[in-house]
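S.K.: From these two lone chains plus the hints, build me the complex, please.
Chains as they are written, first to last, in the numbering used here: chain A, 1 to 187; chain B, 188 to 573.
One or more of the hints may lead you astray.
When the alpha-carbon atoms are kept at most 30 Å apart in a straight line, the in silico DSS-like pairs for lysine-lysine are as follows [claimed, not checked]:
#1 A:Lys-154 with B:Lys-450
#2 A:Lys-3 with B:Lys-191
#3 A:Lys-100 with A:Lys-159
#4 A:Lys-159 with B:Lys-191
#5 A:Lys-180 with A:Lys-3
Read the hints as simulated data drawn from the structure, not as lab findings. Being a predicted model, the structure only gives us computed values, none of them experimental.
These are the residues of each chain, in order.
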Amino acid sequence: MEKEILITGFGGQGIVLTGNILGMAATLYDNRHATMTQSYGPEARGGSCSSQVVISDEPILFPYVERPQVMICMSQAGFQKNCAMLADGGIMIWDSDLVKSAELREQWDCYNIPATRFAEELGNKMMANIVMLGFVSAVCELVAPDSLKQAVLKTVPPKTRDKNSAAFDRGREYGGEILKGRARQEH
Amino acid sequence: MASKAVLTGTHFMNGDEACAEGALAAGCRFFGGYPITPATEVAERMSRRLPQLGGIYIQMEDEIASMASLLGASWGGQKAMTSTSGPGFSLMMENLGLGIITETPCVVCNVQRGGPSTGLPTLVGQADMMQARWGSHGHYEIIALCPSSPQEMFDFTIRAFNLSEQFRTPVLIMADEVVGHMNERVVIPAEDTIELVERKRPTCAPEAFLPFRPEADGVAPMACFGDGYRVHITGLTHAENGYPAMEAGAHERMLNALVNKIKMNRDTIISYDTEYLDDAEIVLVAYGISVRSARRAIRAGREQGLKLGLVKLNTVWPFPEEFIRDLAGRVRALVMPEINLGQMVLELERCAGGRCPVRLVGHAGGAIIRPAAILNVINDLVKEAV
Numbered sequence: 001m002e003k004e005i006l007i008t009g010f011g012g013q014g015i016v017l018t019g020n021i022l023g024m025a026a027t028l029y030d031n032r033h034a035t036m037t038q039s040y041g042p043e044a045r046g047g048s049c050s051s052q053v054v055i056s057d058e059p060i061l062f063p064y065v066e067r068p069q070v071m072i073c074m075s076q077a078g079f080q081k082n083c084a085m086l087a088d089g090g091i092m093i094w095d096s097d098l099v100k101s102a103e104l105r106e107q108w109d110c111y112n113i114p115a116t117r118f119a120e121e122l123g124n125k126m127m128a129n130i131v132m133l134g135f136v137s138a139v140c141e142l143v144a145p146d147s148l149k150q151a152v153l154k155t156v157p158p159k160t161r162d163k164n165s166a167a168f169d170r171g172r173e174y175g176g177e178i179l180k181g182r183a184r185q186e187h
Numbered sequence: 188m189a190s191k192a193v194l195t196g197t198h199f200m201n202g203d204e205a206c207a208e209g210a211l212a213a214g215c216r217f218f219g220g221y222p223i224t225p226a227t228e229v230a231e232r233m234s235r236r237l238p239q240l241g242g243i244y245i246q247m248e249d250e251i252a253s254m255a256s257l258l259g260a261s262w263g264g265q266k267a268m269t270s271t272s273g274p275g276f277s278l279m280m281e282n283l284g285l286g287i288i289t290e291t292p293c294v295v296c297n298v299q300r301g302g303p304s305t306g307l308p309t310l311v312g313q314a315d316m317m318q319a320r321w322g323s324h325g326h327y328e329i330i331a332l333c334p335s336s337p338q339e340m341f342d343f344t345i346r347a348f349n350l351s352e353q354f355r356t357p358v359l360i361m362a363d364e365v366v367g368h369m370n371e372r373v374v375i376p377a378e379d380t381i382e383l384v385e386r387k388r389p390t391c392a393p394e395a396f397l398p399f400r401p402e403a404d405g406v407a408p409m410a411c412f413g414d415g416y417r418v419h420i421t422g423l424t425h426a427e428n429g430y431p432a433m434e435a436g437a438h439e440r441m442l443n444a445l446v447n448k449i450k451m452n453r454d455t456i457i458s459y460d461t462e463y464l465d466d467a468e469i470v471l472v473a474y475g476i477s478v479r480s481a482r483r484a485i486r487a488g489r490e491q492g493l494k495l496g497l498v499k500l501n502t503v504w505p506f507p508e509e510f511i512r513d514l515a516g517r518v519r520a521l522v523m524p525e526i527n528l529g530q531m532v533l534e535l536e537r538c539a540g541g542r543c544p545v546r547l548v549g550h551a552g553g554a555i556i557r558p559a560a561i562l563n564v565i566n567d568l569v570k571e572a573v
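Chain B with its partners taken away, still in its complex shape (with noise of 0.2 Å):
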C-alpha cells in the first residue's frame, strides 16, 4: 500500500510526531539527526516515514554532522530538518552558522529540556531562548517560532519550512518537552488547501546568474547543484557571485543583505495572537508551553475580577518589538511566564522601554510554571500600585 505524505484526518498525537508529520505535509524529504531526549519522537517518526515516501533519513554520527548534513541536502534541492534538544543544540551552532552566511534553507527543531549540559534530559525548559538568537558567532537575524500545543507543532512546522523557503536561511522552531510529549488532537488538513512556499530559482541565463544578489524582497533565488547554474559557496565573507572576498566591504555588503531580508521582512514574519486584549489592564506575554500556564492564569484572576489579558509569542524571532512598544504604553503591566530565570523578559523589557512595569515569572527548568505562581506576581502587582 502507498503511504501518503499528507495523513489528512483527527489524531490523538503527541508534539513530537505532529512536527513529524507537519514536516512531511511540508515537502520534506530529507532528514539528517542523531536521537536524544525528549526530541526522539521526531526522528523516529522520520525513520519510519520517509523511506515510505521516497525520502532520506540519516542518522548521523553527531549533531555537528546532521547539521551539515541538512545544507547539504537543501543545496541538493530538498526541504530538509533535524530535530534536537539542547546539547545536540549547542553543537548545531557552528553549522547553523554556515546555514546562515550560505542561506541555505532548513529547518531545526529544538525541543528543550532542562540545562545547562546534559541537565534534565527528561524535563522541561525553556532556557534555550537567547542561545536560539545569538548561539552561532557573528552578527546575524534569525527566525524562531515558538508552538503550545501538538496542534501547532504541525503547524508551524509547516510555516518554518514556508519561511525558511521564503527567506533562504535556517528556520528553528523551539518547542519543549511537554509540547513535544504532550498528546492532543492533531487535525492534519486535506493535502491542497495547505499552502507550500518554495523557493525562488533562477531564470536568468548561467552566464548571467549571481548566486548571492538580492532581488527586491531581499532574498536572491537559488540555484541548486545540478540545476545547470554555476555555483560556489563558502563560509568565508563572499561577494554576490559566491567566491571568497574578505575585505570590510564586502563583508558590509554581505551582512547587511542577511539581516535585511528578515528585518525588511518583519511584518509578514511576526506572528502573535492576542486574547481579552481590550479591556487588560496586566498582560501575560507568553510563547511555549508557558502559554497554557498563562491561559489558566487569566482564567482564575478573572474570576477573581482581575483584567488580565494575553499576547502569545506564535513567532519569538524576530521580537515584535512595535507592537509591545505600543502596548506598554496602554497597560499597567506586562508579565512573562518562562520555564528560564530570564531571558525573553530581557526583550520585553528593552521594547517596553520603561512605559510600564515588566516582570517574570520564571523558573529553572524541570517543571512548568504553576498558574498560582502567575497570579502571586499579578497579585504583588496589584498590591504595589494600591
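Next up, chain A with everything else stripped away, as it sits in the complex (with noise of 0.2 Å):
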C-alpha cells in the first residue's frame, strides 16, 4: 500500500527536514522504501514551500503526491493551497496556532496540536517540526514510533538531541491524550 504525505510551511519551519525525517525513518529503520521531493521559492525564509513523502512496501515508481492520504500544514496558506489534494477520509493535521480554518471538511479525520506554542515552552520554536512529528506519530500510522524517533535523533544536531527528544515525546503524548479523549467520548 502506497501512502502519499504533503507537508506544508514556510521556509524556515523545517518543512523539508521534517518530510525528510519521515522518509528516513521508513527506508533506514522500518526498511520500506521512501521518495522525498521538496518544493520552495528562491527566497531562503518565508516564501511558502511543501515536502511530499511517498512511503510503500514496494519501490517507488513515481515520487510526486497526486492525493495525499495525509495532509500536514504548518501554516495558512499551504493549507489553502493544498486542502483540496487531500483524498476522502484522509487525515487532516495542523498546527492550531498557524492555521486558522473554517473550512475542515467532515470526510477528513482531523487532528490539530498547538505544536509552535509547545516548542517555544520546550525552549526553541525551531522544534515545532519535532513536536509535529511526534504528534503525527501517535495520530497516524505512517511507519514505527520507534523508526520516526530514531531518524529524528540521527538527524539534529548531536548537542540538541535531549531537547528534540523531548519535543517529539511532547507531541506524541498531546497525540495520545486526544485519542483517548475521542475514545472516552465515543464509548
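M.R.: Have a look at this one:
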C-alpha cells in the first residue's frame, strides 16, 4: 500500500527536514521504500514551501504526491493552497496556532496541535516540526514510532538531541491524549 | 577520526549528495566549482568531504574558471569534477571544448533547471540535452549519462569517471532538479566491490612518447605533468606530438581520432534498460526523472489493457541508434516524455527513420511530466490506429 504525505509551511520551519525524517524512518529503520521531494521558491526564508513523501512496501515508481492520504499544515497559506488535494477519508493535521480555518471538511479525519507554542515552551520554536512529528507518530500509522524517533535523533545536531527528544515526546503525548479523549467520547 | 572515502551502507540521501559520494568512491580528489541551485548540494558536500580525504575543493570565481580548474587538476594527475546548472553549464562550454581537444578526463554534472538564461532556479528542466551534445563549438563526440534516481546519481557518477578515464574525455552527467533534490534509499557498496578504471599511462621511453597517438582502442596513454614525459597541450589543432599543426590534413587526423575513439567504442559506452518490451506495442523511451513518470504511466496503461513498454536511456550520448532503428521496426509507436518542447525526440525520430510514428510528451519546464499526459498521447495513438 502506497501512502502519500504532503507537508506544507513556509521556508525556515524545517518543512523539508520533516519530510526527510519521515522518509528516513521508513527507509532506514522500517526497511520500506520512501521518496521525499521538495518544492520551494527562490526565497531563503518566509516563502511558501512543501515536501512530498511517498512511503511504500514496493519500489516507488513516481515520487510525486497526487492525492495525499495525509496532509500536515504548518501555515495558513499552505493549508489553503493544498487542502483540496487531500483524499476523502484522509488525515488532516495542522498547527492550531498557525492555521485558523473554518472550512474543515467532514470527510477528513482532523487533528490539530499547537506545535509551535509547545516548542517555544520547550525552549526553541525551531523544534515545532519535531513536536509535529511526535504528534503524527501518535495519530497516524505511517512509520513505526520508534523508527521515527530514531530518525529524529540521527538528523538533529548531537548537542540538541535531548531537547528534540523531549519535543518529540511532547507531541506524541499530546496526540495520545487526543486519541484517549476521542475514545472516551465514543463509549 | 579518519574519514572514509566510501561510506558503505544504506543511506537516505538526495541525488546531489549521492553524486558527490559517487565521485569520492570513484577516486575524485579535486572539485572546482561555483554554487548554483539546484546543484549546490554537490559542491557543499564536496567542500566538507574532500578536505577530510586529503583532496582539494576550490570555489572558483565563476564557471569558466571552474571548468578550467578541472583540466589543470586532471593534467596534474587527479580525477576532477564540477557540478552546475544551466547558466553555469553555458559558461563551461568553451573550456569543455578545450577538455575535448586536449583529451582530458574529467566529469561535469549538470543538475538541470528550467531555462533559457536564469529561468527557473528551483524548478526542474531537461532542456540542456542538445547543449550537452553540441554546446561547445566545433565537431566532436561526447558521452552523457542520465540518472533517474539518487541511487543512479551514485552509480552513474562512478561510471562517468570510469568512462572519462578509459576514453580520455570529459563526461557529462545530465541530471535534473528532481533527481538532484529527491531523497531516496542509496546503497553504497563495499569499497573493494567498486570497479574503477584508471587512465592509461605511457610505458615507453620518454623520448619515444607521443601524447596524442592513439593505441588500438582509439585512446592515447596520458602522461601527466611531472611524470617525466615531455607534454605540450594546446587548444589549437595539434599533431600526435601535441604541438600546433594548423593545416587541413592535421585537423582531419586529429578530429577523426577524437570522434573515432567514442564511435568505435559505442557498444562499451551505450547503456539502456528495458521493461515489458516482450509484448509491448507502444514503447516509451525516457531518461532522467521522466523515467519515473513513464513507469507510472506504463503501470496505469497496462491496467487498462494497453501493451506498453519502456526503454530507459542510461546514456543519452552516444544515442543507441541501431537499437532504436531495430525497435522502431517491431513496435506500433515510440513515445518520448521529456521536460523540454522537443530535443531528444528529434534524435529518436531520426533513428526510427519513419518505421513507426514517434510522439513527444513535452513540458516547457518547472514541473515533471504527469503520467496522465503520457496516457493522453498514448490513447490518441491508439485511436488513430483504429
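S.K.: For a quick check of understanding: which of the numbered hints are violated here, in increasing order?
M.R.: The structure conflicts with hints 1, 2, 3, although it agrees with all the remaining ones.
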